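Asks: Construct the entire structure; sequences and hints are all you get.
Protein chains: 2
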Amino acid sequence: MLMISILVKLPWENRVKDLNDKPGHLARRFQQIAVAVFHAEMEEAGFDLTPVQYAALVAIAAHPGLDQATLAGTIAYDRTTITGVVDRLAQKGLVVRSPSPRDRRAHELSITKAGDKTLQQIEPAVQAAQRAMMRGLTAAEGKELMRLMRKAIAAGNELSRAPMREMAGAKS
Amino acid sequence: MLMISILVKLPWENRVKDLNDKPGHLARRFQQIAVAVFHAEMEEAGFDLTPVQYAALVAIAAHPGLDQATLAGTIAYDRTTITGVVDRLAQKGLVVRSPSPRDRRAHELSITKAGDKTLQQIEPAVQAAQRAMMRGLTAAEGKELMRLMRKAIAAGNELSRAPMREMAGAKS
DNA sequence: GCTTATTGCACAGTATGCTGATGATCAGTA
DNA sequence: TACTGATCATCAGCATACTGTGCAATAAGC
Chain V
0 MLMISILVKL PWENRVKDLN DKPGHLARRF QQIAVAVFHA EMEEAGFDLT
50 PVQYAALVAI AAHPGLDQAT LAGTIAYDRT TITGVVDRLA QKGLVVRSPS
100 PRDRRAHELS ITKAGDKTLQ QIEPAVQAAQ RAMMRGLTAA EGKELMRLMR
150 KAIAAGNELS RAPMREMAGA KS
Chain Z
0 MLMISILVKL PWENRVKDLN DKPGHLARRF QQIAVAVFHA EMEEAGFDLT
50 PVQYAALVAI AAHPGLDQAT LAGTIAYDRT TITGVVDRLA QKGLVVRSPS
100 PRDRRAHELS ITKAGDKTLQ QIEPAVQAAQ RAMMRGLTAA EGKELMRLMR
150 KAIAAGNELS RAPMREMAGA KS
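Which chain is which? The protein sequence lines are V and Z, in order.
Everything in the first sequence is counted per numbering that gives the first Met the number 0, starting at 0 for the first residue and increasing by one.
Everything in the second sequence is counted per numbering that gives the first Met the number 0, starting at 0 for the first residue and increasing by one.
Hints were generated in silico from the structure; no laboratory data involved.
Keep in mind it's a predicted model, so treat the numbers as computed, not measured.
Note that CB positions come from ideal geometry on N, CA and C, so glycine has one too.
Be a bit skeptical, because a hint or two may be false.
To be verified - Which bits of chain V does chain Z cover? Going by a derived footprint, with three or more residues having C-beta under 8 Å, they are:
id	region
1	22-32
2	35-42
3	78-91
4	122-130
5	133-142
6	147-159
Claimed, not checked - What follows is a list of derived Cβ distance ranges for each label pair:
id	chain 1	residue 1	chain 2	residue 2	range
7	Z	Q119	V	Q126	42 to 52 Å
8	Z	G45	V	D115	43 to 53 Å
9	Z	T82	V	R160	19 to 29 Å
10	Z	T49	V	R164	23 to 33 Å
Replies: This is the structure we're talking about:
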């Protein structure tokens, strides 16, 4: 890696040439592949759910009655993005948006029977997708990759506009 | 995959609850933070470049005269995305699009003086961003994370619509 | 030389993500 | 109670990304 550019006239010879040394670039590529794999598996299984929609659906199923802001915090989405995602989930009949009795600003979200059924049927495809994006890694390497990503994410959580937020009053 | 749900009344009780076990979700979060960090550092440095625009600029500087399709393959962008990215780079005067003398379909891309200068001046901010997104990891862990991502990406390269392509005839 | 396949670029349409702003509402305080 | 600041949802606008489509030009096969 040691570049021998001492003899070169141009002052800007040690310019960046290989983006594969940049974690940011690698992150983009990995995510790009992850999304493509998810879409492919989903289509093969005959469903029409994006990764984002899937994550939202899981969160709503796990915490029925939560409002959109809490949902956003739970899965670290931007608040403004949630609106569209929930729109599309509702349009597909997988989720219901109902006015909150406690707060007239808020919408309570809950999963429908169809949503729950979809979540069940889709699980094998999701598993397959997660395996596919880790192919090329051994099981141990896969675990380590996830550990390192979790650690980096935890340290950088507050740096994005949509940090992860623990659910406070999960209406048990 | 053999589900043991015989004894359970609710067939769907082992539902997914923690997305932090899903590599796809972690990938999205890490990338989300990476982009946010990049934007923040760039703004602090007084520049207006997105991560994607930066990557394109680096590639064009490294391979002047390349066409858009080759650029796309070099940094694994989708062909249709490149159009807009180059548009914005050209609009900022960092890049020039000129008709290729060899192929009238193609546009040859080259970096301008302003583009080159920007690339130099921006480098410290880019370095800072890369460090910031890896904060929380030791140096060794950072290296390992990058190694694992590279390995996973190499194995999954062909799975996305925009795989990485080696430059064949880099006009040396 | 003519047909066919491929390639380079662009556009329409959809889905994320983000910044910044607005309207409605809530909660704490003077 | 009236005021103030936060909070929930939404919207407008910009920048990725992707699918699919189409056009023009080139390359390959015959």
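Asks: Each hint needs a verdict: does it hold in this structure or not?
Replies: A quick look at each hint next to the structure:
Check on the region 22-32 of chain V: 11 of its residues sit with their Cβ under 8 Å from a Cβ of chain Z, so the three-residue criterion for coverage holds. Counting residues of the region 35-42 of chain V whose C-beta sits closer than 8 Å to any C-beta of chain Z gives 4, which meets the bar of three, so the coverage hint holds. A stretch counts as covered by a chain when three or more of its residues have a beta carbon under 8 Å from one of that chain; for the region 78-91 of chain V and chain Z the count is 0, and the coverage is violated. Counting residues of the region 122-130 of chain V whose beta carbon lies closer than 8 Å to any beta carbon of chain Z gives 6, which meets the minimum of three for the stated coverage.
Counting residues of the region 133-142 of chain V whose CB lies closer than 8 Å to any CB of chain Z gives 6, so the stated coverage by that chain holds, three being the minimum. Against chain Z, the region 147-159 of chain V contributes 12 residues with a C-beta closer than 8 Å to a partner C-beta. That satisfies the three-residue criterion, and the hint holds. Separated by about 47 Å at the C-beta atoms, Q119 of chain Z and Q126 of chain V satisfy the suggested range of 42 to 52 Å. Roughly 51 Å separates the CB atoms of G45 of chain Z and D115 of chain V, a value that falls within the hinted 43 to 53 Å.
One distance hint, 19 to 29 Å for the beta-carbon pair T82 of chain Z and R160 of chain V, holds here, with the actual separation near 27 Å. Between T49 of chain Z and R164 of chain V the beta carbon distance is about 26 Å. The supplied range of 23 to 33 Å therefore holds.
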